[in-house]
Amino acid sequence: MTDKIACAFHASQQGTTLEATFSGDWLLSAEIPALDPLLTQLDQGKGINRLIFSTKGLGSWDSLLMTDLIRLIDAGKKQGIDVDTTTLPEGIQGLLSLVYAVPEPTGARRKPASSQWLAVLGNAGLQLYQDTQALIAFIGELAISMTMLLRGKSRLRPVDFWLNIQECGPSALPIITLISLLVGLILAFVGAVQLALFGAEMYIADMVGLGMTRDMGGLMAAVIMTGRTGATFAAQLGTMQANSEIDALKTMGFEPMSFLVLPRLLALICIMPLLCLYADLMGIIGGAWVTVNFFDVSLTQYLDRTASAVHLKDFAMGVTKCAVYGVLIALAGCLRGMQCGRSASAVGDATTSAVVTGIVFIVISDALMTMICNRLGI
Amino acid sequence: MASPCLTIKDMTLAYPDFIIQHDLNFTINQGDIFVIMGSSGCGKSTLLMHLIGLMQPAKGDVFYGEESLWQAGQQARQRILQRTGVLFQSGALLSSMTLFENIALPLTEHTRLSAQRIRLLVDYKLALVGLSGFADFYPAELSGGMQKRAGLARAMALDPEILFFDEPSAGLDPVSAKLMDDLIRSLRDHLGATIVMVTHELASIFAIGSNGVFLDTETKTMIATGSPKQLLTESNDPKIIRFLTRGETDNRQTDNLHPGAA
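Protein chains in written order, with this note's numbering: chain Y, 300 to 677; chain F, 4 to 265.
Derived by calculation from the structure, the hints in this document are not laboratory data. Hints may be right or wrong, so weigh each one.
So the derived list for chain F, only partly shown, Cβ under 7 Å to chain Y, looks like this [what the hints assert, rightly or not]:
1) S98
2) Y127
3) D139
4) A143
Even for Gly, the Cβ is constructed at its ideal location relative to N, Cα and C.
Can you make the complete structure from the sequences, with help from the hints?
Pasting the structure below:
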């Protein structure tokens, strides 16, 4: 608004009575006169024992006037001054009675969280401890429902299982294809530059083949699946938690662990090794394309080299690792989903946390498994 | 007092494949507590969505005072809608923000008030709905009734001329529902706002409704307008009487339905 709206305020003291006069239009878009001098006068409380209001010249008003009135009344009450609101217009009196109808419950107001570094550190430590505890409890519950399933005491709904297979497997193929082809291609390019220095382009096949099957194929598939499926799990379960759907399932006698978590976990364990094999194949194709097109190696030579360099145990290693990643992704996704709070932002947090946890789990487990295999000479 | 505040002309509400309500014509006057009545599924909430600019009518228009809502451009529509406040059925508070941030959001984005002034305004609005001291709580930490009242505080943030309510007392216990009704009535009385609400709580309809429209599911149009009490005593339409007496047609006396309501 461009045109200024005039509103004015002034106070006059007669004996022990202070009269606050409001005039003009007290609207939010107006220039606000400063109340502070009067507030300090009230705070000092020099010889004032009565506060009255005059609104004879008051035009239109809105919440602006109300907030200032409330400040004056509160300041007056704090000093034990007799505040007389009966001269105010009826509408204002009505609103004031609403404002003071429900007294503030004691202890409701929050104190700002401590920001001392020791407290922050301590809270972070406690959080980590609680997170670890929750993770272990979750794994325990999962183990119990798995045992129940194996002993035939609980049932897996086949439709849930197959739906999850569809969602984790075939639907993920396009993105796996793209990423694995490119990873194979990049591996070949990066390696070829070095190998070409020794005239050993032939060994690109060894490098890409071993690299993809032993590690990269599974790792890439796992990272993609964390972002794709782990996040989906967390968002699905988190939304169900937020909408009380999980509570509803519990009351109908379904154990959320075996009804929601197990089908997802088992689907991912079944599908991850297959995705890993597929990613390996795509990586090798990508490597072959680069080698055949940009270096002096024929396709037959490349495939022959790959076949002699890569053994069954390399595949077995990659596939086993990938099954482990599958467990970890499902675990991270479902854990965060089940822990989710009951609001939209909590679902977002759960999803982010599922992806971060999943990737951390994958990288740590990959490092561990690679070291173990190395020591065992596999 | 009786100047038209909102006029609905020849309005047809439709989804792409079917019509929900057609040929709606009614006027909401300044200072009314206007009740949109009708059985479940007749399109009450859909009508509300059309009034607040969330859905575009298939035919017809809504006039705020003299201004058409749907012939206006995007910016003009935004400006018109800034004069309204909406309380959604579940409160629709932004769950990632505290109550203070929820209520301060329209104030910081649509006005140039100082941070201190905004703090005062938010405290005032929260006090009006009886939630002083809860400014730093997240919506998820409050009960359903409190969330609803906080939603009301947010709807009132910019001192709207028209307040829309979608089922204000649904999900509240009778005492809280009564308090909500009282709050709505005193807001109308003291703020001079116009209230439009969708509800099928008979107690609220009779206690505070000063005008209303009745939508019918079968004929897919409005079959009556007027104050609910008047409709109950004067209407001859069996559908309206059945609705307003909860199907107990013998009790056609307002006193039996809401003892104590003035």
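Y127 of chain F as chain Y interface residue, shortest Cβ-Cβ below 7 Å: This interface hint holds because 5 Å falls under the 7 Å limit.
Tell me if the interface restraint on D139 of chain F is satisfied: Cβ within less than 7 Å of some Cβ in chain Y. This interface hint holds because 4 Å falls under the 7 Å limit.
Minimum Cβ distance from A143 of chain F to chain Y below 7 Å? holds, 5 Å
Any CB of chain Y closer than 7 Å to the CB of S98 of chain F? S98 of chain F check passes; min Cβ-Cβ to chain Y is 3 Å, inside 7 Å.
In this structure, every one of the numbered hints holds.
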